[in-house]
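Participant: Here's the letter readout for the chains.
Number of protein chains: 2
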Amino acid sequence: MKCRVCRQRAVIQVKRHHANFCKDHFIEHIHRQVAKTIDEYKMFDAADRLLLGVSGGKDSLALWNILNELGYAVDGVYLHLGIGDYSSESLNLSTNFAEARGLKLQVSDLPAEFGFSVPEAAAASRRAPCSACGLSKRYILNQIADELSYDVLVMGHNLDDEAATLFSNVLRWNAEYLARQRPVLPATNEGFARKVKPLIRVAERETAAYAVLQGIDYEVDECPMAAGNTINRYKEWLNRLEEDSPGVKAGFLFGFLERGVEHFPNADRPTLDSCRFCGQPTTSDVCAFCRLQAVTLRA
Amino acid sequence: MKCRVCRQRAVIQVKRHHANFCKDHFIEHIHRQVAKTIDEYKMFDAADRLLLGVSGGKDSLALWNILNELGYAVDGVYLHLGIGDYSSESLNLSTNFAEARGLKLQVSDLPAEFGFSVPEAAAASRRAPCSACGLSKRYILNQIADELSYDVLVMGHNLDDEAATLFSNVLRWNAEYLARQRPVLPATNEGFARKVKPLIRVAERETAAYAVLQGIDYEVDECPMAAGNTINRYKEWLNRLEEDSPGVKAGFLFGFLERGVEHFPNADRPTLDSCRFCGQPTTSDVCAFCRLQAVTLRA
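Sequences listed follow chains A and B, in order. Residue 186 in my numbering sits at position 186 of the first sequence, with consecutive numbering throughout. Residue 1152 in my numbering sits at position 152 of the second sequence, with consecutive numbering throughout.
Honestly, I wouldn't trust all of these hints.
[Unchecked claim] 25 Å max Cα-Cα, derived SDA-like pairs, lysine to any residue: (1) B:Lys1015 / A:Gly228; (2) B:Lys1235 / A:Thr165; (3) A:Lys235 / B:Glu1236; (4) B:Lys1137 / B:Thr1037; (5) A:Lys15 / A:Gly247; (6) B:Lys1235 / A:Leu171; (7) A:Lys2 / A:Asp24; (8) B:Lys1235 / A:Gly255; (9) B:Lys1235 / A:Arg16; (10) A:Lys235 / B:Arg1172; (11) B:Lys1015 / A:Asn169; (12) A:Lys15 / B:Ala1128; (13) A:Lys235 / B:Asp1151; (14) A:Lys235 / A:Arg127; (15) A:Lys235 / B:Val1248; (16) B:Lys1235 / A:Asn174; (17) B:Lys1235 / A:Arg172; (18) A:Lys15 / B:Leu1171; (19) B:Lys1235 / A:Ile231; (20) B:Lys1235 / A:Asp244; (21) B:Lys1036 / B:His1157; (22) B:Lys1235 / A:Ala250; (23) A:Lys235 / B:Arg1016; (24) B:Lys1015 / A:Asn229; (25) A:Lys15 / B:Arg1233; (26) B:Lys1002 / B:Ser1245; (27) A:Lys137 / A:Asp109; (28) B:Lys1042 / B:Asp1151; (29) B:Lys1235 / A:Asn229; (30) B:Lys1235 / A:Tyr234; (31) B:Lys1015 / A:Asn174.
Hint data in this document are derived by calculation from the structure and do not stem from the laboratory. Note that the structure is a prediction, hence the values are computed from the model and not measured.
Please work from the sequences and hints to get the whole structure.
Facilitator: Here it is in structure tokens:
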């Protein structure tokens, strides 16, 4: 197995690109894929203030590294979700990564600042843990980006994440979610920062390989709350499909972005009010996060 | 395991309906599902002249039986595709079925009438066999329905067929095919009969069970040309999904029909001309079937 570029011994095969790569050319390949994605979808430029959601996992740390190497100044924000050792370990790994590279990492602590953890919120609200977690993450990241005047919120969703979410939305034909599944969500007047996903051309095994090859120490364990969640099951299914037909996953996602998404125009968003408790934009009187918090603290 | 209706011993479990059925109530259930589909999509009524595409397999023979039991007068048309013993066996089974019930079966013979078989056409045109077969079937069924003045062409596609085709179209985001994936395609001025699929609420294992329980002798073997074809792989794949989440397949298909299809409006069809050779409607000078025939006879 030889590198497509230099014919030296390859360390990884990327079947959907019909290519094998040595370490250096794989890293170059990944950087090029991300640069291409940023450019193609006009995600941001050097003048924008960028804030990256950092979980301590392979995707967000790999992306932080890539963006740095591409010359972008990016700050990180870590959300402590109160998921036992998993959260403390992920925080350590994120802090170590940032300190070793002189990068700025904001830390927000859900239990300390809002009085509850994701497991507590999931139990009290009877939501799936990933649902309570996603809601809290979106809320706090938006809030921090707004308070600290960042222009762009950068997220580490990879090809597998996006394809699995798209599959889930298609299985249910959820037109509203399909309309919002885009690599760039523009900023809104009400204080939501622009949201971008520069990793969508990079598969999960590739971000893992990139992190390993770059010597990035990341949280290897899956979140203990996510065991058996639907998106992970869809990922496994799509991976089996990918084994049979390399490229099918990327074809599905980019086919949607190129030809499908136009059939799901962004519906007029409802006028947003300010949440009675926190002042953040919401479609109702009290925002979903404040309701989650209230239910959890009452329990 | 007891029948949902009569609490006698059940012979089949239909997980997505959370139900078990004895023989009689399963048959009644299937009849009701088909009657509901015909009604809901306004497929046809007693005044329409109906022509059913009959392959000798479980779906078309089961559907013929069901439509009879529901009181519709339906003629059948069998297409001999020249696929060796498989074709002769399927023809025998279709003829036996029709004769035993006093039903009228038209037979069209591709090799005898058009000078070539599906395997020959596939080889000569370098199409996948299922593609050459589908093209020939659509052409000849349309032609016969037109010549013999049938109002409606009835097809035996079941839930699994439709879900797999939808999945295939979604994986590729083929908007044109998605726009045409409907339970009813209206008749056109140029001579295409209305096309309907009354079996779309019935899964493949249910049409098989129905045929067995009704003592219908059908072609059990898969078409030897279809081994490993893409749609069959998607069916297997969706079946694994269905095992984990009963109902996901029907949810996917009917979610599309209820909420998805509106996003893929039927584009204005191009004006159709008459094929220079056969006079059938076509978008080009010579229709795809006549081109397939010419390529094959030349080979």
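Participant: Evaluate each hint against the coordinates.
Facilitator: Tested hints:
no.	hint	result
1	B:Lys1015 / A:Gly228	holds, 21 Å
2	B:Lys1235 / A:Thr165	holds, 21 Å
3	A:Lys235 / B:Glu1236	holds, 17 Å
4	B:Lys1137 / B:Thr1037	holds, 24 Å
5	A:Lys15 / A:Gly247	holds, 8 Å
6	B:Lys1235 / A:Leu171	holds, 15 Å
7	A:Lys2 / A:Asp24	holds, 13 Å
8	B:Lys1235 / A:Gly255	holds, 21 Å
9	B:Lys1235 / A:Arg16	holds, 23 Å
10	A:Lys235 / B:Arg1172	holds, 18 Å
11	B:Lys1015 / A:Asn169	holds, 23 Å
12	A:Lys15 / B:Ala1128	holds, 24 Å
13	A:Lys235 / B:Asp1151	violated, 45 Å
14	A:Lys235 / A:Arg127	holds, 21 Å
15	A:Lys235 / B:Val1248	holds, 16 Å
16	B:Lys1235 / A:Asn174	holds, 22 Å
17	B:Lys1235 / A:Arg172	holds, 18 Å
18	A:Lys15 / B:Leu1171	holds, 18 Å
19	B:Lys1235 / A:Ile231	holds, 21 Å
20	B:Lys1235 / A:Asp244	holds, 14 Å
21	B:Lys1036 / B:His1157	holds, 16 Å
22	B:Lys1235 / A:Ala250	holds, 21 Å
23	A:Lys235 / B:Arg1016	holds, 23 Å
24	B:Lys1015 / A:Asn229	holds, 21 Å
25	A:Lys15 / B:Arg1233	holds, 20 Å
26	B:Lys1002 / B:Ser1245	holds, 22 Å
27	A:Lys137 / A:Asp109	holds, 11 Å
28	B:Lys1042 / B:Asp1151	holds, 13 Å
29	B:Lys1235 / A:Asn229	holds, 23 Å
30	B:Lys1235 / A:Tyr234	holds, 16 Å
31	B:Lys1015 / A:Asn174	holds, 24 Å
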